[in-house]
Structures are given as C-alpha cells and as structure tokens.
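Q: Take these sequences, add in the hints, and give me the full structure.
Residue numbers (our numbering), protein chains in the order written: chain A, 196 to 588; chain E, 2 to 327; chain R, 219 to 335.
Keep in mind that the hints were calculated from the coordinates and are not lab data. Keep in mind that a hint or two might mislead.
16 Å max Cα-Cα, derived EDC-like pairs, lysine to aspartate or glutamate [as the list claims (entries may be wrong)]:
{"hint": "1", "chain 1": "E", "residue 1": "Lys276", "chain 2": "E", "residue 2": "Glu255"}
{"hint": "2", "chain 1": "E", "residue 1": "Lys104", "chain 2": "A", "residue 2": "Glu243"}
{"hint": "3", "chain 1": "E", "residue 1": "Lys279", "chain 2": "E", "residue 2": "Glu248"}
{"hint": "4", "chain 1": "E", "residue 1": "Lys19", "chain 2": "R", "residue 2": "Asp292"}
{"hint": "5", "chain 1": "E", "residue 1": "Lys19", "chain 2": "R", "residue 2": "Glu289"}
{"hint": "6", "chain 1": "R", "residue 1": "Lys233", "chain 2": "A", "residue 2": "Asp410"}
{"hint": "7", "chain 1": "R", "residue 1": "Lys288", "chain 2": "E", "residue 2": "Glu25"}
{"hint": "8", "chain 1": "A", "residue 1": "Lys200", "chain 2": "A", "residue 2": "Asp372"}
{"hint": "9", "chain 1": "R", "residue 1": "Lys265", "chain 2": "R", "residue 2": "Glu222"}
{"hint": "10", "chain 1": "E", "residue 1": "Lys295", "chain 2": "E", "residue 2": "Glu283"}
{"hint": "11", "chain 1": "E", "residue 1": "Lys277", "chain 2": "E", "residue 2": "Glu297"}
{"hint": "12", "chain 1": "E", "residue 1": "Lys52", "chain 2": "E", "residue 2": "Glu25"}
{"hint": "13", "chain 1": "E", "residue 1": "Lys301", "chain 2": "E", "residue 2": "Glu283"}
{"hint": "14", "chain 1": "E", "residue 1": "Lys104", "chain 2": "A", "residue 2": "Glu216"}
{"hint": "15", "chain 1": "E", "residue 1": "Lys279", "chain 2": "E", "residue 2": "Glu308"}
{"hint": "16", "chain 1": "E", "residue 1": "Lys104", "chain 2": "E", "residue 2": "Asp6"}
{"hint": "17", "chain 1": "E", "residue 1": "Lys19", "chain 2": "R", "residue 2": "Glu290"}
{"hint": "18", "chain 1": "E", "residue 1": "Lys186", "chain 2": "E", "residue 2": "Glu283"}
{"hint": "19", "chain 1": "A", "residue 1": "Lys578", "chain 2": "A", "residue 2": "Glu458"}
Which bits of chain R does chain A cover? Going by a derived footprint, with three or more residues having C-beta under 8 Å, they are [stated by the list, open to error]:
{"hint": "20", "segment": "227-233"}
{"hint": "21", "segment": "274-281"}
Examples of chain A residues lying across from chain R (beta carbon under 7 Å, computed) [what the hints assert, rightly or not]:
{"hint": "22", "residue": "Pro387"}
{"hint": "23", "residue": "Thr398"}
{"hint": "24", "residue": "Ser402"}
{"hint": "25", "residue": "Pro414"}
{"hint": "26", "residue": "Ala420"}
{"hint": "27", "residue": "His499"}
{"hint": "28", "residue": "Ala502"}
Where is the CB? At the ideal position from N, CA and C, for every residue including glycine.
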Amino acid sequence: MAKAKMLTGCRASAEGAKAAEVEVICSFPIRPYTAIMMELAKMVANGELNAEFIHGEGEHAQLSVVLGACAAGARAFTGSSGVGVTYAMEIYSPMAGGRYPAQMAIADRTLDPPGDFGSEHTDAMCTRDNGWLLGWACSPQEVYDNTLIAYRVGEDHRVMLPQMVCQDGYFISHIPDKVVLGEQSQVKEFLPPYRPISPLSLTHPVSHGPQIRPDQGAPMDAQRAQTFLAVPKVIEEATADFGRIFGRNYDPFVEQYKLADAEIAFFIMGAHANTARAAVDRLRKQGVKVGMARLRWVRPWPTHQLAAALGHVKAIGVVETSTSYGGAMRGGNLIHELRASLYDLDDRPLVTSFMGGLGGETIWPADFDHMAKVLTQAVKEKKVRNYVQWLGM
Amino acid sequence: MQAFDYKYQQLEPVKSFKRVPGPEMYVPGHRTCAGCGPALNYRLVAKAAGKDTIFIGPTGCMYVANASYLCTPYAVSWIHAQITNAGAVASGIEAAFKVAMRKGRHAGPFPNIIVMAGDGGSVDIGLQAMSGMMYRNHKVLFICYDNESYANTGIQTSPMTPYGANTTFTPPGKEIPEGKTLFPKNAPQLVIGGHPAVKYVATTTIAHPLDLMNKVRKALSQPGPTFLHMLCPCPKGWKFDEKMTREMARLAVETGMWSLYEWENGTYNYTNVPKKYKPVNEYMQHQGRFAHLKPEHIAKMQAFVDEKIKAVQRPIPVAAAVPGKQ
Amino acid sequence: MAKELPGYGTIDVPKDRVVPFGAVTPAPVCVQNMFQTSNWRIVRPVKDDEKCTRCLICYLSCPDACWVYKEEEDVMEWVNNFCKGCQICIQECPSGALTAAPELDFPDGVVRLDKPF
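A: Listed below in structure tokens is the structure:
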C-alpha cells in the first residue's frame, strides 16, 4: 500500500478530484475551500490533469458551468464555502431534477453577517432539500475517500444525482493529516467512467428540461423521491466496494463508536467528531457509559440505521453545528430529523441538543464533559429539561 | 498548452433565397403567438446553423412558448438554462466538448453552440453570465433576440424597452405620462466595449433574412465568442397587428430606431442605411405601446434617434446620449 | 433489537403520468406533431398560382414554417396543421398572390384538435 502523506482536507479533495480524472472544473475564490481550486489549477497547469479549468464569475456560474458540462457528458467538479454556497441557490434544484451528477466540494463556513471565516455547517445544510446527495467527512482521508465514493454513487444509473462532499472549514480543510492516496489502478477498478444517459449530442438530438404541465410536476418530483429510495443500497454497495479495493472500511451511514453498551451518546457529524471520540475514551475511563454516532450522509438521511444504532441508548445529545432559527427545537437541524427517526420506537431515547462549533468555535473536551453531565442527569430524571442549550453560554 | 484541432465548422454564406438551407431545425408545432418575431428569428437562425448545433435556451418566451409540456420544436440538441445563467451553461457545454475531443470521445465537428437569450436573459439578469463567457473566450455564439420587454410574463419593462413604452411595469398615468422614462441600454456596445476576446458582433432583424442568416454563419465560423443583436418585433408586447411583424422591423431600420451593422476586429460596416431617415413616428404610430405619448414625448424620442444615427456616420458608434439628462 | 419501524413504501406513478427521466425528451424531426396549431386561426392564406412568382418571401417570413417550395412541381405548398393565421405572408407577398379567407368558408372549416392545449 502507498505511504501516507500529510495533506490538508483541501489538498485531499483536489487529489480525489484528480484521481477521478474530472474533466471540467469551475472555480471561484472564497475561503476556505479556495485551496482546493488552487491545487487543481496547479495540476491542470502542470499537465497532470487533462481538464478544462474555468474561472467562473461567481458561484452561481460555477454550478451553471458544471451543469452544462455534465449535460454534455463530462465529469464535472466545483466547490464553494459559506455565502458562496447560498449564492448558487437557484441552480441546486435544476441540477438534481435534470439528473446531472456533478460534484461540489464544500469546506463549510458560517454565513454572514458579518463576515466570519469560521466553520459551520449551515451553508451546505441550506441546500439539503433539493435532491443532492449530501455527505460529511471528518478527516482529510475521508474527504479523499468520499470524493470517489460520491462520484461512484451519484453517477450510478440507478441514482444520477449531484453530490456535495462536505468538510469543516479549517478544522479539516486546512489542518494536514495522514492521507493514503489510492493507486490509479484501484481508482479505475472502483470508479467507472461517467456514462451520461441522454447527453446533448449531435447524432442523437435531445431536449433537456422543457416545461411541464402542473399535472406532470408531481411525477417529476416523485422521480427524484423514488431515486432516494434506491440510493441507500447504492451507497452500501459503493462503500463496501471501496473497503474491498482500498482497504479502508466505513460504516456506510453512521460511524458507531463504543455505542454497543452505551447509555448516553453524542450524535454528531464532521470535524468535531474527532474531539468527541477522544472525549468518549476519557469519559469511559471515568466509568461513564458513553458512545458516539457520527453521521456520514445527511441526504439520504439514514432513518432506520439511526434507530438501530441509537435505539437502545437512554439519552442522546445532538451536537449541532448549524442553525435552524425558529425551528421546532429552536436549535439546529439535526435534532429534528433524529427525533423523527426515533419516534416510532417503543422505548424512545431522550434527545436534547447542544449548539456548538458555530462561527468556527472549537468544541472543547470540557464541553463534551458538560454534555455528558447533562445527559446523565436526563437519564436520572427520565426527561430532558430543554430541547437545546448553547455551549459556553 | 499544445495546439489541438477542434474541427470548428466553417459555414459558407447563403447567396440567395433559393440557396437557403432546406431543413427546418426549429420545426413548426410550438405555442408562440401568431406572428411571433422571435419565433421567426429562431427558425432562421436554426436553419442557418444547421444540424451540428446545440442551443441553450434560457427562460423567456423562446423557452416557455416553445418547450411546452415535454414537447419541443428544436430538431437539434437543446437545453434549458435559467434566465440568469445561459452564458455559464454554454461555457460548460463548450468545455465538455473540448475535453471530449481531446480524449477522443467525440470525433467532431465541434458543435455550433448557440445561446438564444431574450433581452433580459442577455443584457439584464443574464448579463453577468454572458460577460463571463465572452471574457473567457468560449467558442459560443450568444444571440440576444430582442423583443424589447419581458414578454412571456406579460410585457414588463426590460433594459431594452424603449423610452415611452407602455408596459405592465411602466403604465402611463397622471404623474408619469410617458410610461417608461428611461432609455435603453446599448447591447452591442456592452459587448464590444468590454470584451477583448470577442472579435465579431453584428446586429440584424427578422425582416432581413439573408443578412440574418449570413451573420449567424459568419459568427459561427469565428474561433471565439460572438454576439448578435437581433430585433424581433412582438405583436402582443408592442401592440401592433400581428401581420405587421416584419414591417415593424423594416420600419425600425428606415427610421433609425435600429441600425444594421457588423463589427469585425474593430471595424464597423453599416448596411441598409436609408438615404433619408423617415420620422420616428412612422414607426411608433403602428404600436399601441406608444399610443399614449404626446408630441413632446415623440420629439424626445426623435432627438434620441437623431443622436443615435449620427453614430452611423462616425467611425466608432458611441452610446447615444440621453436627451434632457445632460 | 428494535421493533420493526415503518418503511418508506413505494411510489408508483400511473403509466399515463410517467414523465421522461430528468425531463429529457427526444428532439422532433421535421415537425412537432404533438403541438398542432391549426385551430388557432380565424383566417387562412389562399394562394393564386398565376400570380405567385416563387420569390420565397412567404417561406422566409413564416414563424411556423408553413410555406414550403415543392421543387418538382414548382409550387409553394401551404402547411395546414401549423398555420396560426397571422397573415404575415399575405402582408409581405410582393406579387399580391395571397389573400386572407375566413376559415369558416372552407369545407374542412377550422380543424379542431382532440384536446385543446
């Protein structure tokens, strides 16, 4: 096996795109994802990657360029951060509805106002209901791996959907960690070339995206919904194949860390899971029966897998790194969907949430100690006092 | 980067009506209004471009009234773009074909990639994407089919709507008697003035079919981005008798409301210049959108046109000054 | 092990409501028969072959490609199914070969379609 290199998440993302031999790349600068494009620009300039590198005039254009490229049969790659992600908002639905399986690398950044470079998941979470596959990595290695896995899943003819491969800004995008890059032979075995279904062609002319009648609207929506019923199986296959070929095995949907006998658990995604894992180890030494569930895909949401992984736990603390102002629990987004996923269990775990890691804040080991205390108390009292609390406030 | 032969098409000029390419690439069977100027324009453009073409159709009349209910009139490949992003979608398509040819997946010829955008989709909400595409030197023909309003949403003013026009966003009233008070953008000059990669820009109308088709073919034979500004009268939006569609375009040229020219590598070539321009009211009087105007408004329009046609005699046209504002 | 949870069910779009994957449709060839517009018009152009000079102006004036030159017979042919009756051709004909006739004067009348658009 190849030797590990110390790479940032951005570099790992670019290496993943290069391994996938992306053909059309569209860039626009915004921190922190910018470094992904800087790396790819070098690769194209050096002739390491036979691709068109297009300087988009904004994120809206970035998405539009890769939409066009994908429609014409090219494997396309773009990315963004923060308000860049939301500036492109118009194009997410057309890309998913038109079944253009391009990929977007996200290094999460908080939204304005005012300007803040820090990481927060709200940017990509804003796009979650448009029909994209939406996954989070928690290390540069996983960024590289998810880049390949997402292309494989998105371009599968049972799926044909665009993908967002997210990583926390700075915590992952800019801190080097060990990354083992795949051999090109492994990549070839894992990821077949992109085969568009009905591309724009001179020999077989087609019309992409004509208007529909209102009575055709629901069937169009149903088509995307149907696909999402089929996606989990494709993700499972791809993740298993990835493990077989590259030797790195992931739980397709939920990383389960010391959950089997856990009484309380952290539910988390992204970079802060690394701190959570360490916290679990430390708390375990103190006799606290705690575990961690880390979400790998937000879309499709792994309802049953979460119920199976967390159903036996007595209290769950959702570590939110996004905002949902005025939402049902007045905190972040994840708690709503987690609570809904557990609702049908006879013996439901208690679920509360902690707002942390917002605006780029670090979630400290002591925060996890605090969370464990709150959860232990909830178990004792057989209820949660509040749906949400803000860490450090 | 090593040179690669992308097999760009070279299209010979059409010499006469008899030699016009026969096949319809924009076929009958669409929902455009009777007497639609933009539809006639589309048909002539598609004929001139031929079968090895891909159209990008941003939202506008030529999307909504054409690509209806999962059936379309485009005999060549066509893709919908948002009204905002036609230039960017076209850029992606062009780039994809370049890579496909370099990798041997597509043998050629390189497709004629044509954006068919309305005035809004080109020089208003679509301006950023159009400008980006042109700046980046993509081999794309960007056509602005100018019907001088947001027509498919019910005739709202656009930056190309003339002064004095009655639209549903510029209704004349006691306080604002002339309806629209602003003067339009100069679309070709927006392109010429700021995009060094563009070497060919031309204007034409649907009343000049050979001129139109040959400008399309010349534009498509360039190695880089090109722009055509095409006057496409709209019977519904301009409120004239639908059989007068071509007549309106002709009168626009005869009164100086519109000029036919080519701009090629920095040189202007005007054609169909009237020996004596007709008064602008001969054009305006047929159109209900100007019916509310008083003589002083028409005089203001005449002054605007007088200034504009001075450009025809000058070596370099400039955007006409807005009367009363200087 | 947790009890069995509800599933997602299946989505069965009725056959007559199925839309093409990604709303991609094949391009039409020559005409788009799914969208005939002959029932739009209230007048139709009538041609006088004696006066017609085959100058092709009608051919290049029609937004709906409703005039076709038949080379073998050397005549202009009108396309009934798509003519919307805009009368541009009549207005533009330089030899006065075209006139407008009310649709109801013809035995086939207004060609009604099965279902209106």
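Q: What are the numbers of the hints that this structure violates, sorted from low to high?
A: Going through the list in order, the structure violates hints 9, 11, 18, 21, 22, 23 and respects the others.
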